[in-house]
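Model the full assembly from the supplied sequences, consistent with the hints where possible.
Protein chains: 2
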Amino acid sequence: MPSWIDGQPMELLSVKDRGLAYGDGLFETIAVKAGNPVLLERHMARLGGGCVRLLIDLDLALVRAELLAFSRELGDGVAKLIVTRGDGLRGYAPPQPAIPRRILQGGTQPSYPACNAELGVRLFPCATRLAEQPLLAGLKHLNRLEQVLARAEWQDAEHAEGLMLDTSGRVVEGVYSNLFLLKDGVLLTPDLARCGVAGVMRAELLAQAESHGMRCDVRDIDLDGLRQADEVFLCNSLYGVWPVRALQRHQWPVGPLTRKLQAIARDLLDS
Amino acid sequence: MPSWIDGQPMELLSVKDRGLAYGDGLFETIAVKAGNPVLLERHMARLGGGCVRLLIDLDLALVRAELLAFSRELGDGVAKLIVTRGDGLRGYAPPQPAIPRRILQGGTQPSYPACNAELGVRLFPCATRLAEQPLLAGLKHLNRLEQVLARAEWQDAEHAEGLMLDTSGRVVEGVYSNLFLLKDGVLLTPDLARCGVAGVMRAELLAQAESHGMRCDVRDIDLDGLRQADEVFLCNSLYGVWPVRALQRHQWPVGPLTRKLQAIARDLLDS
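First to last, the protein sequences are chains A and B. Here the first sequence stands for residues 1 to 271, numbered as in my numbering. Here the second sequence stands for residues 1001 to 1271, numbered as in my numbering.
None of these hints come from the bench; they were simulated from the model. Check the hints yourself; a few may be wrong.
Distance condition first, Cα-Cα at most 30 Å in a straight line; then the derived BS3-like pairs of lysine-lysine [as the list claims (entries may be wrong)]:
1. A:16 - B:1140
2. A:16 - B:1033
3. A:16 - B:1260
4. B:1033 - B:1080
5. A:183 - A:140
6. B:1140 - B:1183
7. B:1260 - B:1140
8. A:140 - B:1183
9. B:1140 - A:80
10. A:33 - B:1033
11. A:140 - B:1016
12. B:1183 - A:16
13. B:1033 - A:140
14. A:260 - A:140
15. A:80 - B:1016
16. B:1080 - A:80
These figures come from a predicted structure and were not determined experimentally.
Structure (structure tokens):
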């Protein structure tokens, strides 16, 4: 279906948009099922929080209404919502007032190999490290050159995802996924205070695990800690959960907790 | 004058452009005098080097020809050249092959207060720090949220520029300028191996200073080193050189070396 810009069908954007000039904006990639955005509240909450941190004065009610209308037309697939600070004049200073721009793009559900979810995936060890920038950490902003460089490191189909460390060597995330591990019965995921994208599926799985009585911890994790995990899995808001079975020579079993959270994610995405 | 996209007058851009989606590209801001781009070779060299590092397969001869034709039409002013990896499908993986997009935007020469160059400027101490990312350091890429946040820290006219440190506290640059200092007869400028934009005027002034027999050094500089400098100045490819006279309570005199390099920059920009 055609894209929408500021609520109108349109495939072309002002060349003055600060999203192009500076990556001055945020985005959300949203699974849409039967005309409904999945995990809508979490997507809206992350977008709203990102706008506060980037000082973008967005009308969230308007964006929500446009997203709901767009999703109804899309039916089933993926809605990508981009919010930018809008057109700019010359220079980095945000215009006063700025008029944020909303962009919605629709697509089909990506067709990942079924074996990713069934047998688990192999992680490519990315050499591209994530810089530590607390002011942008957690946000799904439009400055994504690190992910572009990391994803360009491998082309083979053997690796479904890549593992990204920060410049201090901590384990952070996949290129387009968050990472969890299970160790001694505790569900662990890297702290994203310095870098990384705080995914909505990550937040949902943490909440679900806690509501199921599981012990959860968000903290720094190094490569040794990752290797010593009992189970490892990835998640995002489109594919749900993929077990991780290997990183180079190291292998992990696909365990029961991964399967349990995978089923929870599948229920969310198939609902 | 109208913008050019891929050589054609056009104000609208494909909403699928990866410059918008990921900041996946580079830019140059180029002074144009009497139809000629100033410091053309340095701009082209930086752009070409950036494309190599970002794996963008750009036809540099084509871009040069378009820039020259655009500058002839512009006459006097500023040409902003943006190069992106072009349209993308879903996901971070660069399309194979990608078709890079060239965007040219024209504007008038910015009208800075004459006192900036004559009396020197006061630096705002930005709280926004630059993350250390060697893979992107030096490039004038489109991921510029740090500069947007830094420039949003002050609105008063008393501060013409802001000083940016890296997350380790080293002195790096201005928000839209490079920084030089003179200490004991040596011209110093921060090493940009971890972060910062390697400006074309910075490169030109280093080369000119060396050709005038001055001792130059590119190295790490901390705030104490900055305060103890005999002279401090900023530069970029539009305004040339501005002396720095103050950072908070600390003041520097406007010295003879700053004036000498300012005259050299003025000759370049007025030629």
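Check: Which of the listed hints are broken here?
Finding: 3, 8, 10, 12 and 13
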